[in-house]
Amino acid sequence: MRGALAIDSRKLGRWALLTAATLAMLYILAPLISVTWLSFYEQEIPSFPPEGYSLRWYKLITGNARFVDGLLLSVQLGVSATAIGLFVGVPAALCLSRFRFPGRETLNNLLLLPLMVPGVVLGTALYVFHVEAEIATGGRFAILGSTLGLLSGHVLVVIPWVVRLVLASLAGFDRTLEEAAQNLGADRWTTFRRITLPGILPGVVAGAMFGFVASFGNLEMSLFLVGPGRTTLPIAILQYLEWKIDPSIAAVSVVQIVLIGTAMLVTDRFVKISRVV
Amino acid sequence: MATAATTAVSVEERGGSRLSAAALIGPATFIVAAGLLIPIVILFRYSLNKFVPRLMMVDALTIESYVKFFTDAFYLGVFFTTVKVAMICTIACLIMGFPLAYALARTRTRYKNILIMLVVLPLFVGNAVRAAGWMTLFGSKGMINAGLVGFGLVDVPVQMMFTEGAVIVGIIAVNLPFMVLTLQSVIESIDRAVEEAAFSLGADPWHMFWRVLWPLALPGIVAGIILTFILGMNAYATPVLLGGPEFKMMAPLVFGQMQLGNWPFGAAVSFILMTTTLVLTVIAGLSLHKRYRR
Numbered sequence: 001m002r003g004a005l006a007i008d009s010r011k012l013g014r015w016a017l018l019t020a021a022t023l024a025m026l027y028i029l030a031p032l033i034s035v036t037w038l039s040f041y042e043q044e045i046p047s048f049p050p051e052g053y054s055l056r057w058y059k060l061i062t063g064n065a066r067f068v069d070g071l072l073l074s075v076q077l078g079v080s081a082t083a084i085g086l087f088v089g090v091p092a093a094l095c096l097s098r099f100r101f102p103g104r105e106t107l108n109n110l111l112l113l114p115l116m117v118p119g120v121v122l123g124t125a126l127y128v129f130h131v132e133a134e135i136a137t138g139g140r141f142a143i144l145g146s147t148l149g150l151l152s153g154h155v156l157v158v159i160p161w162v163v164r165l166v167l168a169s170l171a172g173f174d175r176t177l178e179e180a181a182q183n184l185g186a187d188r189w190t191t192f193r194r195i196t197l198p199g200i201l202p203g204v205v206a207g208a209m210f211g212f213v214a215s216f217g218n219l220e221m222s223l224f225l226v227g228p229g230r231t232t233l234p235i236a237i238l239q240y241l242e243w244k245i246d247p248s249i250a251a252v253s254v255v256q257i258v259l260i261g262t263a264m265l266v267t268d269r270f271v272k273i274s275r276v277v
Numbered sequence: 001m002a003t004a005a006t007t008a009v010s011v012e013e014r015g016g017s018r019l020s021a022a023a024l025i026g027p028a029t030f031i032v033a034a035g036l037l038i039p040i041v042i043l044f045r046y047s048l049n050k051f052v053p054r055l056m057m058v059d060a061l062t063i064e065s066y067v068k069f070f071t072d073a074f075y076l077g078v079f080f081t082t083v084k085v086a087m088i089c090t091i092a093c094l095i096m097g098f099p100l101a102y103a104l105a106r107t108r109t110r111y112k113n114i115l116i117m118l119v120v121l122p123l124f125v126g127n128a129v130r131a132a133g134w135m136t137l138f139g140s141k142g143m144i145n146a147g148l149v150g151f152g153l154v155d156v157p158v159q160m161m162f163t164e165g166a167v168i169v170g171i172i173a174v175n176l177p178f179m180v181l182t183l184q185s186v187i188e189s190i191d192r193a194v195e196e197a198a199f200s201l202g203a204d205p206w207h208m209f210w211r212v213l214w215p216l217a218l219p220g221i222v223a224g225i226i227l228t229f230i231l232g233m234n235a236y237a238t239p240v241l242l243g244g245p246e247f248k249m250m251a252p253l254v255f256g257q258m259q260l261g262n263w264p265f266g267a268a269v270s271f272i273l274m275t276t277t278l279v280l281t282v283i284a285g286l287s288l289h290k291r292y293r294r
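Those protein sequences? They're chains A and B, same order as listed. Residue numbering for the first sequence is 1 to 277, as defined by my numbering. Residue numbering for the second sequence is 1 to 294, as defined by my numbering.
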């Protein structure tokens, strides 16, 4: 009798758990579902239920220079920042995992710091930094609002992701393979290229993907750093939404959701996302 | 002789490796130190400058901006609203996030990876896009109001946009994935056998959760609370879009002040935001640790 009761309470608990979990999942996805729905509305005013459905808002995107330019700038920034981030981040992770030296922990924390500093603080700090840099160079170079200034900020955002994920995959890497290669006469660069890099590739790919997405989606910091008349895609979306919501901005949002979803699916083929986040 | 030669080689190698270590980590360290630490120091220096309306900023060493913030009812109101919203969102994220994190950690389906990706995707599409989704739902002719009016629950549409409630709902959705992912990884590291042990000793699910799971998951719970609290304090896009121009939180205040050209005050508010977040986080971490240390 008691046993039957105990099993019932476990069954009940399981049901309560699954219901709560499903509700939380729906809550997380609700805004994405509703914005996708809106992008297919026939009429411009976002009143529910829609008068009909159409794809015309997607056709209109390519004609909107603000969003096309924003998308291009965001992609350019993301790709360049990720390339630079990998170029400096992978060696840094190698150093942190291979060498023991005083201050190693501090350096590790320093490289992860840009992830901890709130976006608005990062933005204000870089803004005043650029102001000071312009004063120091006598105003000969336009730094504030320049693409280079914006890019340097995005590199900062990428580095922690690369360092963190490459470090994680280095931790599971068997070092005796490298020693074997060197015993067989390979020099350091060959060893890195032929042995280490293939071994840590999942971490590098994950680092690149997360770095790119962090740069691509960055809003708060970029707000302070974009020059007049230029915007990244997230800023273009924010500024449009401050004015109004309609199916055309929803279509742009869906394009961004699809782009990022695809990037995640591609990365998942290299490294299981559930193991790196 | 042979020993001396080996020593000489190893010393040389150590010198060489020190050099290569520096070459490997140098560039990244330089970028972060020069690109982040120096700007933060300059930002702090700016916050001690004086703002003179027509001259913009005048070099000074004064805590005027900080005094202004903490003596003005408007700014204090913004401050307490921000702390309140961040706290409500953090508690809600913990309550809503735990069941989902537990289900994801213990599920045996082949679709686990897809389910995790569904949690991660919204996190990456950006806050503005997610705010757009809530705007679709919350509008006076939006989906929720259409449902309420359609079922005859209300006669006139309920004002949901530009309210504190809308901002809270939006921030919870933004922060929930972070909480879920943090909790999920810590629950996965807890051996399932301890749960079975509790059940076989006669515990019902509630007692198993409260007496076994909760204490074991505590490090992850603290980490999740800290992370979501920081994100809640610093939310920008959600309060701007769902709260409207009248609803003010700290991050939009910083941006507004910088845009107005009041750099010293903007810098000071930025610093107050960063320090408060850090201090409250440390207090939360310490008190939770103390309470559950056995």
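Hints listed in this document are in silico derivations from the structure and should not be mistaken for laboratory results. Among these hints, one or two may not hold up.
[To be verified] Pair by pair, the computed Cβ-Cβ distance ranges are:
(1) B/V282 to A/S47: 42 to 50 Å
(2) A/I33 to B/S17: 53 to 61 Å
(3) A/G138 to B/I95: 54 to 62 Å
(4) A/G185 to B/R106: 45 to 53 Å
(5) A/E105 to B/S20: 35 to 43 Å
(6) A/V131 to B/S17: 39 to 47 Å
(7) B/I63 to A/V258: 44 to 52 Å
(8) B/W210 to A/S47: 40 to 48 Å
(9) A/V75 to B/R110: 31 to 39 Å
(10) B/I95 to A/S47: 51 to 59 Å
(11) B/G256 to A/L18: 39 to 47 Å
(12) A/E44 to B/F151: 23 to 31 Å
(13) A/E105 to B/S17: 15 to 23 Å
(14) A/G227 to B/I95: 40 to 48 Å
Beta carbons: idealized from backbone N, C-alpha and C, even for Gly.
Is the gap between the beta carbons of B/I95 and A/S47 within 51 to 59 Å? Given range 51 to 59 Å: violated, Cβ gap about 33 Å.
CB-CB spacing for B/S17 and A/E105 relative to the 15 to 23 Å hint: Once the Cβ atoms are compared, 19 Å apart, the range 15 to 23 Å for B/S17 and A/E105 holds.
Outcome for the supplied range 40 to 48 Å, where the beta carbon pair is B/W210 and A/S47: Holds, at about 46 Å.
Between A/V131 and B/S17, is the Cβ distance one that fits in 39 to 47 Å? With a Cβ separation near 41 Å, A/V131 and B/S17 satisfy 39 to 47 Å, so the hint holds.
Outcome for the supplied range 39 to 47 Å, where the beta carbon pair is B/G256 and A/L18: Given about 44 Å between the Cβ atoms, the range holds.
Note whether the CB distance of A/E105 and B/S20 lies within 35 to 43 Å or breaks it. violated (20 Å)
B/I63 versus A/V258 beta-carbon gap, inside 44 to 52 Å or not: Check passed, 50 Å falls within 44 to 52 Å.
Supplied distance hint 53 to 61 Å, evaluated on CB atoms of A/I33 and B/S17: holds (54 Å)
Quick one: are A/V75 and B/R110 within 31 to 39 Å, going by C-beta? holds (34 Å)
Cβ distance range 40 to 48 Å for A/G227 and B/I95, holds or violated: Check passed, 44 Å falls within 40 to 48 Å.
Cβ-Cβ distance between A/E44 and B/F151: within 23 to 31 Å? holds (26 Å)
Verdict for A/G185, B/R106 (Cβ pair) under range 45 to 53 Å: Holds: the Cβ-Cβ distance is about 50 Å, inside 45 to 53 Å.
Violated hints, listed in ascending order, are 5, 10; each of the other numbered hints is respected by the structure.
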